[in-house]
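K.L.:
Quick note, the sequences are listed as chains D and L, same order.
Heads up: the first sequence begins at 1 in the numbering used here, then just goes up one per residue.
Heads up: the second sequence begins at 1 in the numbering used here, then just goes up one per residue.
The set of hints was computed from the structure by calculation and includes no laboratory data.
Please note that the accuracy of each hint is not assured.
[Unchecked claim] So the derived list for chain L, only partly shown, Cβ under 8 Å to chain D, looks like this:
| id | residue |
| --- | --- |
| 1 | 47 |
| 2 | 125 |
| 3 | 179 |
| 4 | 182 |
| 5 | 201 |
[What the hints assert, rightly or not] One side only, chain D facing chain L, incomplete, derived with CB under 10 Å:
| id | residue |
| --- | --- |
| 6 | 45 |
| 7 | 53 |
| 8 | 93 |
| 9 | 134 |
| 10 | 178 |
| 11 | 182 |
| 12 | 188 |
| 13 | 203 |
Backbone N, C-alpha and C fix where the C-beta goes; we use that ideal spot for every residue, glycine too.
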Amino acid sequence: MFARSASIALGIARRSTRKLLKNPLPGLPPMLIPLFMFAAFTGALSALSDTGGFGYYDYTAFQFVFVLYMASMFVGAFSAFEIAADYEGGMGNRLMLAAPQRLAIVVGYLIFAIARFTVAAVVVWAIALAAGLSVRGGPVEIAGLILLALLLNLATTLYGAGVALRLQSIAAGTLILLPLFMALFLSPVFVPREQLSGWLEVVAGLNPLTALMEAGRGLLADDPVSVGLAFALAGGLVLAFTAWAARGMRRAAAGPDAAPRRGPKGRRPQRA
Amino acid sequence: MSPSLGVQVGRLARRSITRTLRQPTIIVPNFVFPLFMLAVVSAGGDQVTDVKGFPTDSYITFVLGATLVQGSAGAATMAGNALGSDISTGFLSRLTLTPIRASTVVIAPLAGVALLGVAQAVVFLLVGLAAGVSVEAGVAGALALLAVVLLMVLAFGAIGLLAAVLTGSAEQVQALVALVLALLFMSSMLMPRNLIEQDWFRTIATYNPMSYLVEATRSLLITGWDVEALAVGCGLAAAAMILALAAAVASLNRSILKA
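In isolation and in its complexed conformation, chain L is listed as follows:
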């Protein structure tokens, strides 16, 4: 008799968490790089708050929303790398000899990145609070912020898993780093969309889904409980997660597990 889905996911999730925690060379840059960007962008661009209509006089509070998204976007490469190396090293092929389901293989690697993603968000938030950031939505808002970041981590992780299933290689998943960074910089990360002077850039930022993720996290820091911003950001993240996971499971069923 094969173990239940819960047992299968539990065992592979434990492996995923252990594996993630054993890779300081991956963990450390995921903490350091977003914090460095937060420090230099908020200190270097502080004058932006002088622009008429800017929603806050603390640029670090404004940028922290994007830093949380940048940190969660790291989940794409982490999860993708993990599954990609399982595919390229043949671990997945050996797993197919067991009565495992494709959904287990896809869902379990998210455990490690979810744990790391939340830990990152807590650290970023604490560093921000120490640097003078305030959370407009209060303590409940800070907890909600962590929940929103967790959802984004799962969404980016799912996209990374889909990339790994489609390419079958951990190296090719690395290309996601550049793509995610480019999307983040071309969003409303540095300036609210309504204050962007250049029409072409405002158009790009408006069509760029990353803007809505940034605005969801930022809303809890600056505006308070902005239901519309949260609904759009969380809705996009949830949709991306569901679609990417479904596509990854379908692709895995078609290719590797049936081979």
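This is chain D alone, in the form it adopts within the complex:
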């Protein structure tokens, strides 16, 4: 059973990769959007590092962590779009007939997302280094930063998979992407949390991404901050969204009739 599940997972990953290689255009936005933000924020707002209390060693490095996380999350979201498209087109149902362990299907898309993450991370790092990114952290710190980004990629793919499996339509794209965009921008994007004020300071304090952002920036600066908390939060997100995706798969496997339907006044309709 394990061998069959592994073969199905690898088959799905291979199929999705081949599809993307044949038509690479849909693979560009999750890398291009963060890179445009990187150019815009470092280009326009570098004067912010001269304001009192900024405290980080370099504005390009400060923005880099945000951009690396954004790229890893967008790559995860766009990999989940693939699930939505496959289920809308009927491929998902055929895959479920072949898979004794249906979670193997999700694992297949996860492998695809990790492969895409690897490419995106290499591209983002290469462009940032070419643009003059200064790295203070050693190999262990940088590995920690990349691992945090990878965990975010897994969490995002699993979150997107849960949405895609429930809606089974490419219209799920907005529902997948918008919350990610909001979560990213509700963290300290332009200045450290200590410099935020008002409602954003409160919201950023509650946003789990804030701890990951601060830990990532600390690792890049060789000045680790709340790394344990960041890994615990990232691991927690992966576990929570694994459960979310697994429930989504159960619902998809049960078919559309399994969705709870309620008649007038909240009663379940009687079956004939």
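For chain D, the structure is supplied; the task is to place chain L on it using the hints.
P.N.:
Just chain L, lined up with the frame of chain D:
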């Protein structure tokens, strides 16, 4: 006898307005996304006003100018989508059986986006005023701001229509969203051009026409009546609108209506 141009445009414009208002899934993001960006960018980047020489101490007032342009840029995809789906569903082919002019087909879809664009601008302005924004040019300046935004909506809408005529598909018009967002972020949206420290970015922002649209709307909010900023911004928008509409009509005459 065929109906006059005015009657033709009027009927198709009414259809465009009804169709726009019936699509909450398109309308809602057009209101919510720019307002969200206004909220997070103005709150997150508030420290920018500490930079020496910054023209205002209210970053939300500064960013609102760009939010109004972002909202009007949504007209490109809305108008393009409408015409693109008319082309791909065959509605336009059926229209060619009637004595309709290409200019009517191109101009009429702008009615719906113009109405939505002005409604958006009013909402953005009211939200801004509630959040502490002031309009330096006064009440007349606020009305002028709405007129400038309307012109920009028509310009972006015309660009969307041209994209729809050239591609014949609503899906391909969607690519304009990413292009417009990229152009907006690479403009003077976040920082005045003279205060941008990075030479390469200042050069991009200077050659990016989006900077001048943002500076036109922003001038009424921050500077007052800056005739040069308004003339350059409105001139660019008007030129883009005229060129895009002319190219769309010519292309439509050549391809679809003659087929």
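K.L.:
Each of the hints needs a verdict: does it hold here or not?
P.N.:
Each hint tested on the structure:
1. A hinted interface residue such as residue 47(L) counts as satisfied when its beta carbon comes closer than 8 Å to some beta carbon of chain D; here the least separation is about 5 Å, so the hint holds.
2. A cut of 8 Å between beta carbons decides the hint on residue 125(L): the least distance to chain D is about 21 Å, and the hint is violated.
3. Interface hint status for residue 179(L): violated, as the beta-carbon distance to the closest one in chain D is roughly 10 Å, over 8 Å.
4. A cut of 8 Å between beta carbons decides the hint on residue 182(L): the least distance to chain D is about 5 Å, and the hint holds.
5. About 3 Å separates the beta-carbon of residue 201(L) from the nearest beta-carbon of chain D, less than 8 Å, and the hint is met.
6. Annotation: residue 45(D) was flagged as interfacial toward chain L, and the flag holds, the nearest CB pair being 6 Å apart, inside 10 Å.
7. For the restraint placing residue 53(D) at the interface with chain L, the shortest Cβ-Cβ distance is roughly 8 Å, inside the 10 Å limit, so the hint holds.
8. At about 24 Å, the closest approach between the beta carbon of residue 93(D) and any beta carbon in chain L exceeds 10 Å, and the interface hint on this residue is violated.
9. Interface restraint check: residue 134(D) against chain L, minimum CB-CB distance 15 Å, threshold 10 Å, status violated.
10. Hint status for residue 178(D): holds, given a least beta-carbon distance of 8 Å to chain L, under 10 Å.
11. Hint status for residue 182(D) relative to chain L: holds, with the closest Cβ pair at about 7 Å, below 10 Å.
12. Look at residue 188(D): its Cβ gets to within about 7 Å of chain L, closer than 10 Å, so that hint holds up.
13. Taking 10 Å as the C-beta cut-off, the interface hint given for residue 203(D) holds, the closest approach to chain L being about 9 Å.
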